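Number of protein chains: 2
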Amino acid sequence: MSGPIKAVDWIDEKLTLLDQTLIPLEEKYHSYQEVNLIIEAIKKLVVRGAPAIGVAGAYAVVTAIDQAKRENLNSDQLEDLIDAIGDARPTAVNLSWAVERVRKFLPSGRSAVLEEAHQIAREDRLSGDLMGAIGSDWLIEKLGKKPLTLLTHCNTGSLATTSIGTALGVIRTMQSRQALKEVFVDETRPLLQGSRLTAWELMKSNISYRILPDSAATMAIMNGKIDAALIGADRIALNGDSANKIGSLAVALACHEAGIPFLVVAPESTVDRNLQDGSSIHIEIRSDDEINYFKGIQVAPIGSQTFNPAFDLTPAKYISAVITEKRAYEIAKA
Amino acid sequence: MSGPIKAVDWIDEKLTLLDQTLIPLEEKYHSYQEVNLIIEAIKKLVVRGAPAIGVAGAYAVVTAIDQAKRENLNSDQLEDLIDAIGDARPTAVNLSWAVERVRKFLPSGRSAVLEEAHQIAREDRLSGDLMGAIGSDWLIEKLGKKPLTLLTHCNTGSLATTSIGTALGVIRTMQSRQALKEVFVDETRPLLQGSRLTAWELMKSNISYRILPDSAATMAIMNGKIDAALIGADRIALNGDSANKIGSLAVALACHEAGIPFLVVAPESTVDRNLQDGSSIHIEIRSDDEINYFKGIQVAPIGSQTFNPAFDLTPAKYISAVITEKRAYEIAKA
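Protein chains in written order, with this note's numbering: chain A, 1 to 334; chain B, 335 to 668.
Rather than coming from a laboratory, the hints here were simulated on the basis of the structure.
All of these numbers come straight from a predicted model, not from anything done at the bench.
The beta-carbon is built from N, C-alpha and C at its ideal position, and this holds for glycine as well.
Each hint should be verified, as a subset may be incorrect.
[Said to hold, decoys possible] Pairwise CB distance ranges, derived in the manner of DEER restraints: (1) A:I302 x B:S510: 33 to 43 Å; (2) B:K515 x A:S31: 46 to 56 Å; (3) A:E13 x B:Q632: 31 to 41 Å; (4) B:G558 x A:N239: 18 to 28 Å.
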């Protein structure tokens, strides 16, 4: 179902990533044999999306084993490499979760680690299909079976996962059930994951879409143009508080005010079972340059300070339901 | 008080505009002798901001008179030129208001029309000072005299007016009263009037600022980083409903939820006394290209459809007060 896009793959014993910084202009793949280059790729968002980063991180542990062998590193040095992979980005729980999960297989050798990484990818694929079904069931039950206009933020599709996606997987499933009219795609500043990536995936899948500035989402929602909004998540606390791409909170607030459903769609691995609520989730603050320059073009006075958080936290009270591969957890009333 | 920036001026019998599409990279002025070029400049946002467009439109009527004389147009043709100026952009009420105000002086001749246009500019300058004082008084009365962090959206300063500005004029006045800590400047997609123009004005005035993606405003407000938000307006209905740059509504909603003041600052000429409420305000929809391209760089799949409204409507119930040059109209409770 995920079509031809493979954002993360293991080819010829090497981690292979589709370079998402180049989409929609180029479809280019890179292979990696060095952990520091993978970490750089994760930081630069060559690969992004919590589930995709998780799978990439798991495969990167195999790369670390190969690199350690090639460079005669001792086991402490190997553990340091693996630690560095897990720390490449701080907010998404899936990365450290996947790295720790495959790390346990180190004593059993490289092939056991690789098999576990493949297993994480397989589970991600399956969980995408399950989330798609559970989320679609939920929407059709609440809103009736009719073509819906759905709004989404950032990219949560095949580029962000190794499956049909999380929120975008539900949207794809709605399309396959003839229950989708159109998708409103927030462009998702500053890195435009919506206009660059989600629009590209939808175009490739012949799904009707419309790109809007993030700041227009509230108007679209409050003016009755949208039936429901769906986003992914990078970390979910036990009470349902969800960290996701900056701008998610504004969408949630508008849906709450308009009385339409706001769904968070993410695999169970996104739930951080150490967190009762989201208040202690570490929010990554990114560089001034992401705001002050656009593809190398200066768009603000030189040296401007910025406020550039990569994520925000949506309190559970604004979330109608969290959809996982297991079930729909209903939180707030839509 | 407005410093050296003159966005709209009348020099050597010609309307002169600072080309705001080039800021912050270049500070370039154009002079106009043809109405169609002025209309094009207004449409392309060489000049923007409701009060500045109003003054530009008033001077453009003098240009129309000069052009009619040069080209031997009859009075019907002159009236057509003047109609076209008033229709250059549909949402801001100030443009048609200013054009109609000077048009009345046509029977008295060119110098009377020009004098009335100068008078509109003078009144705008004075009203900026008055709004600055009234808005600052309001904020200090409600929040106490301490350095505040204020958020603003789009550009409402000397570039948008012929004065110290509307919302940005209040912010400047707060600075001169030592009651300003820092300004959070929404970048204001798609045309980045915040990061390009407001940041540039604040930098020139040595006022401390920080640029943020529009989508981060809700988080900044809900997390307690902001004491109050201030915006301008393009058209205000009698009940207080206000049309302003797309994204204003999201800021208003967040302020409402966080319980902090949300102020609309605009001259009385922005109030459309024909409108009981905002429901019938015509919202300009702009081109797909503004979203799909960035300074000529493609950022979305070719041919993507968009939802690109230039403005949204903030219902009065989310507005703490409307500040004009006459008084603070208190609407909702902050």
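Hints breached by this structure: 1
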